[in-house]
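Can you build the whole structure from these sequences, using the hints too?
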Amino acid sequence: MSYDHKHKTISTDRLILRLFQKSDAETVAKLCNNYNIYKNTLYLPYPYSVEDALSWIERHYNNFISDRAYEFAITDKGNGKLLGAIALSNNLPFQHGELAYWIGEEFWGNGYATEAAQAIIQFAFAEKGYHKVFARYFDSNPASGKVLQKIGMKEEGILIDHVKKENQFVDLVYYGIINRLDE
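In full-length UniProt numbering, the protein residues as written are 1 to 183.
It is worth saying that the hints were derived from the structure and are not from the lab.
One thing to keep in mind: the hints can contain errors.
Derived EDC-like pairs (lysine to aspartate or glutamate); straight-line CA-CA distance at most 16 Å [stated by the list, open to error]:
{"id": "1", "residue 1": "81", "residue 2": "105"}
{"id": "2", "residue 1": "8", "residue 2": "127"}
{"id": "3", "residue 1": "81", "residue 2": "24"}
Below you can see the structure in the form of structure tokens.
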């Protein structure tokens, strides 16, 4: 992982994580207007419109420069294709943040979420000085749990019937990782 401060990009072997641009809105809407993504995310609306994408993208830059959250487009390093999104919240008083991501369904199964998430963990610890990063997922989405395990996170607990999704209460599984440089 290498972070370019000037351009606010993170590079990995296959990916460039960059800030979203308004020109990404149509692709974001196309990828997010997908029931299989909606059912595995806490906050994405469904159906998902270009207006939803524009509203979401417009908040990112201010969040980034004010150190509230770092939201990146996950793009293919070779062809620039937008594959998904990854974000890291920043809770300064506690020196921790939450990792969240989604990948367009047509790109599932290629390791993009794992590669991007590993880069975000390194960014959180090496660039931002976090003590801890945590993530959560619906227990009905074990693939997300596998991503978190692959990047070294450990299960910390399950919140039973914690959120309501589609008129059903569902469990949230929490994972975390500590910055070993702090020890």
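Item checked: Unsatisfied constraints (hint numbers, rising) -> Those not satisfied: there are none.
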